[in-house]
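Novice: Put chain C on the given structure of chain F with help from the hints.
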Amino acid sequence: MTSPNDSADDRVRAAVDAAFRDEWGQVVATLIGLTGDWDLAEDCAQDAFAAALVTWPRDGVPRRPGAWLTTTARNRAIDRLRRDAAGAAKLRRLAVPADDPDESPVEEIPDERLRLIFTCCHPALPFAARVALTLRTLAGLTTAEIARAFLTAEPAMAQRLVRAKRKIAEAGIPYRVPSAELLPQRLAGVLAVLYLIFNEGYDEQDARRALTAEAIRLARVLVRLMPHEPEPRGLLALMLLHEARRPTRTDHGVLVTLEHQDRSRWNQALITEGVALLDQALVMRRTGPYQVQAAIAACHATAPDAAGTDWPQIASLYAELARLAPSPVVDLNRAVAVAMADGIPAGLAMVDRLTASGRLAGYYLLPATRADLLRRAGRTGEAKAAYEEALKLAPTETERRYLTSRLEEL
Amino acid sequence: MKYVLLICDDETVSPSNEELEADPVHQAWVADVNRRGGMLVGARLRPVVDATTVRVRDGETLVSDGPFAETKDFVGGLVILECADLDEAIAIASGHPYARWGGVEIRPVWE
Numbered sequence: 001m002t003s004p005n006d007s008a009d010d011r012v013r014a015a016v017d018a019a020f021r022d023e024w025g026q027v028v029a030t031l032i033g034l035t036g037d038w039d040l041a042e043d044c045a046q047d048a049f050a051a052a053l054v055t056w057p058r059d060g061v062p063r064r065p066g067a068w069l070t071t072t073a074r075n076r077a078i079d080r081l082r083r084d085a086a087g088a089a090k091l092r093r094l095a096v097p098a099d100d101p102d103e104s105p106v107e108e109i110p111d112e113r114l115r116l117i118f119t120c121c122h123p124a125l126p127f128a129a130r131v132a133l134t135l136r137t138l139a140g141l142t143t144a145e146i147a148r149a150f151l152t153a154e155p156a157m158a159q160r161l162v163r164a165k166r167k168i169a170e171a172g173i174p175y176r177v178p179s180a181e182l183l184p185q186r187l188a189g190v191l192a193v194l195y196l197i198f199n200e201g202y203d204e205q206d207a208r209r210a211l212t213a214e215a216i217r218l219a220r221v222l223v224r225l226m227p228h229e230p231e232p233r234g235l236l237a238l239m240l241l242h243e244a245r246r247p248t249r250t251d252h253g254v255l256v257t258l259e260h261q262d263r264s265r266w267n268q269a270l271i272t273e274g275v276a277l278l279d280q281a282l283v284m285r286r287t288g289p290y291q292v293q294a295a296i297a298a299c300h301a302t303a304p305d306a307a308g309t310d311w312p313q314i315a316s317l318y319a320e321l322a323r324l325a326p327s328p329v330v331d332l333n334r335a336v337a338v339a340m341a342d343g344i345p346a347g348l349a350m351v352d353r354l355t356a357s358g359r360l361a362g363y364y365l366l367p368a369t370r371a372d373l374l375r376r377a378g379r380t381g382e383a384k385a386a387y388e389e390a391l392k393l394a395p396t397e398t399e400r401r402y403l404t405s406r407l408e409e410l
Numbered sequence: 001m002k003y004v005l006l007i008c009d010d011e012t013v014s015p016s017n018e019e020l021e022a023d024p025v026h027q028a029w030v031a032d033v034n035r036r037g038g039m040l041v042g043a044r045l046r047p048v049v050d051a052t053t054v055r056v057r058d059g060e061t062l063v064s065d066g067p068f069a070e071t072k073d074f075v076g077g078l079v080i081l082e083c084a085d086l087d088e089a090i091a092i093a094s095g096h097p098y099a100r101w102g103g104v105e106i107r108p109v110w111e
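Residue numbers (the numbering used here), protein chains in the order written: chain F, 1 to 410; chain C, 1 to 111.
Calculated directly from the structure, the hints in this document are not laboratory data. There are no misleading hints in this set.
Some chain F residues near chain C, calculated using beta-carbon distances under 8 Å: (1) ALA124; (2) GLU170; (3) ALA171; (4) GLY172; (5) ILE173; (6) PRO174; (7) PRO178.
20 Å max Cα-Cα, derived EDC-like pairs, lysine to aspartate or glutamate: (8) F:LYS167 <-> C:GLU111; (9) F:LYS165 <-> C:ASP85; (10) F:LYS167 <-> C:GLU105; (11) F:LYS167 <-> C:ASP85; (12) C:LYS2 <-> F:GLU170; (13) F:LYS165 <-> C:GLU111; (14) F:LYS167 <-> C:GLU88.
Here are some chain C residues pointing at chain F (derived, C-beta under 7 Å): (15) MET1; (16) ASP85; (17) LEU86; (18) ASP87; (19) PRO108.
Just so it is clear, CB atoms sit at the ideal spot from N, CA and C, and this is done for glycine as well.
Chain C extracted, bound-state conformation:
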């Protein structure tokens, strides 16, 4: 099955890419995902100040700055995985460094 991991965080802690790469937890996570051969796509997103949201209401296009979800936690990255089942996706998500202070939402891909 395909799953998307939405890597969520409140951005108060925002390590640089270099810091992330040097983090042993991150290294172990990447090694684990590679070993399982499950990674299809992975991307880190720029912070929410760079976000733009588009809505169409009554035929009118409304563009606003900021993310769609007005919560404390925002999606900071996404990973698309191929795994056997939800338990494997949970195992991978629990190893992600952001799971320690943010959260990882697991969404099955509608196929």
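Next comes chain F alone, as it looks inside the complex:
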């Protein structure tokens, strides 16, 4: 039985949860901007959310929860700095009166979170630290959650975060969005971090699914804050198009390939949104690797069935991707598309060249792809040998189960 009070409490609880999801990064970013102190900013943001849990049930949820939280966190920071002699200089920057929490001018600085993303992703920080710091400060994940996501011990992750924050202070990494001439080069790093966070969640089961949602949310922030850059839109489109197909990727722990996925279960709303974002990016006429990958994902997502896929288009998109962002993995995917568009022999020839180059030695998808093409070509004996080679290299149980079932079908 639910009393009226319980449901009111539930509503407040939901409002605080929503505020945490939507406003955490903004509150922390604003506090870092004001104090220059990352730890103080996080502590005070935490205090503000704790205060919300006490105050909102009594006084009601404020009209602008983000402004309320920011003001509360800032007042908390002033209190803390007052008690600290070394805080006097920082205090002067903070001493802006804000009597009415609902009227404070937080809306005037909409790029605070963008500054935070770019600072977390500064090229002077080690790559792993950039990912961890982004998740911690922008998404509010706890150190334990980040450690779990990256299969690291919590003390090691805590160390990594401490070192990164220390380097920001002591090496003098500026808290700002880089100037226009540096932006394209820095933006690439930011996008890479967001896509890595997405993929961490995408490849795994429920435990890490929150990471894909977080990456999508951060990409949305980036799109809103940099409306004239096409690549953030390309990345968001790519994520949404992958996410739309996620529920059909496995069946009781067995990998299901694109060809055999139940297309009626793909999320059409996400596909529509992804395609629209991609179109907006493409009209800006500055192609980048995320837009091309999104275009490939869109070809798959909008095909009526596996046979009706526009393989010549996908093959030419992979050629474009190989030009923009050369990598042997791209070449492997391109070989598959060429096999589907121009016939198995053409694709097999590309895979064989790749095998001979040794650039993907130890990568299970190379023999697995070769096995699949040989199977389609009716070269059963060679296909079996290739599946067995792939099985030895497959990294997870899901992939081994898939390869075993294919092998048994031959």
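Specialist: For chain C alone, coordinates are given in the frame of chain F:
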């Protein structure tokens, strides 16, 4: 903030001081640093064959020829700068002629 730029190179390419002064990239770099007013100290070092390293182990002073770091790249010069932040130090370092074939390590000064 103060930063030290360690100008690193493997010494296979070692232009003379006259060649360096005639290099338009070097001239542009010096002009850029002067414009920013950031240069506190700058010095080019003699090659590593002229280096001597001193260590004290168990109270005994050990003197050896050669540089401390046994790598391919050695410190060939140093510059001490006063800049706003790391991004400005990166901007200055990226303009140094040795950044094209060697490397420039940026170290904040412990103050």
